[in-house]
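Student: Here are the chains, one letter per residue:
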Amino acid sequence: AQTVTQSQPEMSVQEAETVTLSCTYDTSENNYYLFWYKQPPSRQMILVIRQEAYKQQNATENRFSVNFQKAAKSFSLKISDSQLGDTAMYFCAFQGAQKLVFGQGTRLTINP
Amino acid sequence: NAGVTQTPKFRVLKTGQSMTLLCAQDMNHEYMYWYRQDPGMGLRLIHYSVGEGTTAKGEVPDGYNVSRLKKQNFLLGLESAAPSQTSVYFCASSGTGNPPDTQYFGPGTRLTVL
Numbered sequence: 212a213q214t215v216t217q218s219q220p221e222m223s224v225q226e227a228e229t230v231t232l233s234c235t236y237d238t239s240e241n242n243y244y245l246f247w248y249k250q251p252p253s254r255q256m257i258l259v260i261r262q263e264a265y266k267q268q269n270a271t272e273n274r275f276s277v278n279f280q281k282a283a284k285s286f287s288l289k290i291s292d293s294q295l296g297d298t299a300m301y302f303c304a305f306q307g308a309q310k311l312v313f314g315q316g317t318r319l320t321i322n323p
Numbered sequence: 003n004a005g006v007t008q009t010p011k012f013r014v015l016k017t018g019q020s021m022t023l024l025c026a027q028d029m030n031h032e033y034m035y036w037y038r039q040d041p042g043m044g045l046r047l048i049h050y051s052v053g054e055g056t057t058a059k060g061e062v063p064d065g066y067n068v069s070r071l072k073k074q075n076f077l078l079g080l081e082s083a084a085p086s087q088t089s090v091y092f093c094a095s096s097g098t099g100n101p102p103d104t105q106y107f108g109p110g111t112r113l114t115v116l
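Chains as they are written, first to last, in my numbering: chain A, 212 to 323; chain B, 3 to 116.
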């Protein structure tokens, strides 16, 4: 079975700093997607970024980028120039052939 | 574009009562899902559907039933609510594919069972 592990329960940085959230996963599948979802206090699950496993190039969305290391089964999220609105729970998720599996989440706080 | 909507947003039940949560999507997605999120945890899959008229069990299906009579709607039912079902419930939908395409989530329903 697939598992997703986020080893940082909480993180806190100052506004405008760069922060990296870690995620590792375990799978025997070769074709899959990886996601980072953001859940602010409103509880809405918001897609931040998506990575296809067959693509070597790391995905980027404005201030958000990933470091995808397929052999190491690692998928970290880097947030540049962090903003107060980035304060949220961040979930790493794995989508294989069967289902979407979530990590436990990292609570990120951006301080003014 | 509304995306995925859920009704109601909040609900309080007494033990043993029944209720139905409604999920609607306007993205013409084939796949729909119901998840629950307990405090400090990620989402866990309850049931899902890969098309109108089809449903399947997820990771934590006990105590829940679902129906997909129309492509755009996916209903989650609790026949006899228990305090252990106090949670936040999320619906999601996605396109097809192998693996399935990105899931888009509704705003959630907070359910409390007393």
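Derived by calculation from the structure, the hints in this document are not laboratory data.
Treat each hint with caution, since some may be false.
Derived EDC-like pairs: lysine to aspartate or glutamate, alpha-carbon spacing no greater than 20 angstroms straight-line [to be verified]:
| no. | chain 1 | residue 1 | chain 2 | residue 2 |
| --- | --- | --- | --- | --- |
| 1 | B | K73 | B | D40 |
| 2 | A | K289 | A | E226 |
| 3 | A | K266 | A | D237 |
| 4 | A | K281 | A | D237 |
| 5 | A | K310 | B | E61 |
| 6 | A | K284 | A | E226 |
| 7 | B | K59 | B | E32 |
| 8 | A | K281 | A | D297 |
| 9 | A | K310 | B | E54 |
| 10 | A | K266 | A | E240 |
| 11 | A | K310 | A | E226 |
| 12 | B | K72 | B | E61 |
| 13 | A | K266 | B | E54 |
| 14 | B | K73 | B | E54 |
| 15 | B | K72 | B | D28 |
| 16 | A | K289 | A | E240 |
| 17 | A | K310 | B | D64 |
| 18 | A | K310 | B | E81 |
| 19 | A | K289 | B | E61 |
| 20 | B | K11 | B | E81 |
| 21 | A | K310 | B | E32 |
Student: Within a Cα-Cα threshold of 20 angstroms, do K310 (chain A) and E226 (chain A) meet the stated pairing?
Tutor: Not satisfied, since the Cα-Cα distance of roughly 35 angstroms exceeds 20 angstroms.
Student: Tell me if the straight-line CA distance from K310 (chain A) to E61 (chain B) falls inside 20 angstroms.
Tutor: The given pair, whose Cα atoms are some 10 angstroms apart, holds under the 20 angstroms limit.
Student: Check whether the Cα positions of K289 (chain A) and E226 (chain A) lie no farther apart than 20 angstroms.
Tutor: Judged against 20 angstroms, a Cα distance of about 14 angstroms means the pair holds.
Student: Just to be careful, I want the Cα atoms of K72 (chain B) and D28 (chain B) compared with a cutoff of 20 angstroms; is the pair within it?
Tutor: holds (12 angstroms)
Student: K310 (chain A) and E81 (chain B): Cα distance at most 20 angstroms?
Tutor: violated (25 angstroms)
Student: Hinted pair, alpha-carbon criterion (20 angstroms max): K310 (chain A), E54 (chain B). Please report holds or violated.
Tutor: holds (18 angstroms)
Student: Verify the proposed pairing of K284 (chain A) with E226 (chain A), using a straight-line Cα cut of 20 angstroms.
Tutor: With a Cα-Cα distance of about 30 angstroms, the restraint between K284 (chain A) and E226 (chain A) is violated, given a limit of 20 angstroms.
Student: Is the Cα-Cα distance between K266 (chain A) and E240 (chain A) 20 angstroms or less?
Tutor: With Cα atoms ~15 angstroms apart, K266 (chain A) and E240 (chain A) stay inside 20 angstroms; holds.
Student: Between K310 (chain A) and E32 (chain B), does the CA-CA distance stay at or below 20 angstroms?
Tutor: Answer holds: K310 (chain A) to E32 (chain B) is near 15 angstroms, not above 20 angstroms.
Student: Within a Cα-Cα threshold of 20 angstroms, do K289 (chain A) and E61 (chain B) meet the stated pairing?
Tutor: Between K289 (chain A) and E61 (chain B) the Cα gap is close to 30 angstroms, so the pair fails against 20 angstroms, i.e. violated.
Student: Is the hinted pair K281 (chain A) and D237 (chain A) satisfied, with a Cα-Cα distance of at most 20 angstroms?
Tutor: holds (10 angstroms)
Student: Hey, K310 (chain A) versus D64 (chain B), does the alpha-carbon distance stay inside 20 angstroms?
Tutor: Holds, at roughly 18 angstroms.
Hint compliance for this structure: hints 1, 6, 8, 11, 12, 13, 16, 18 and 19 are not met, and every other hint is.
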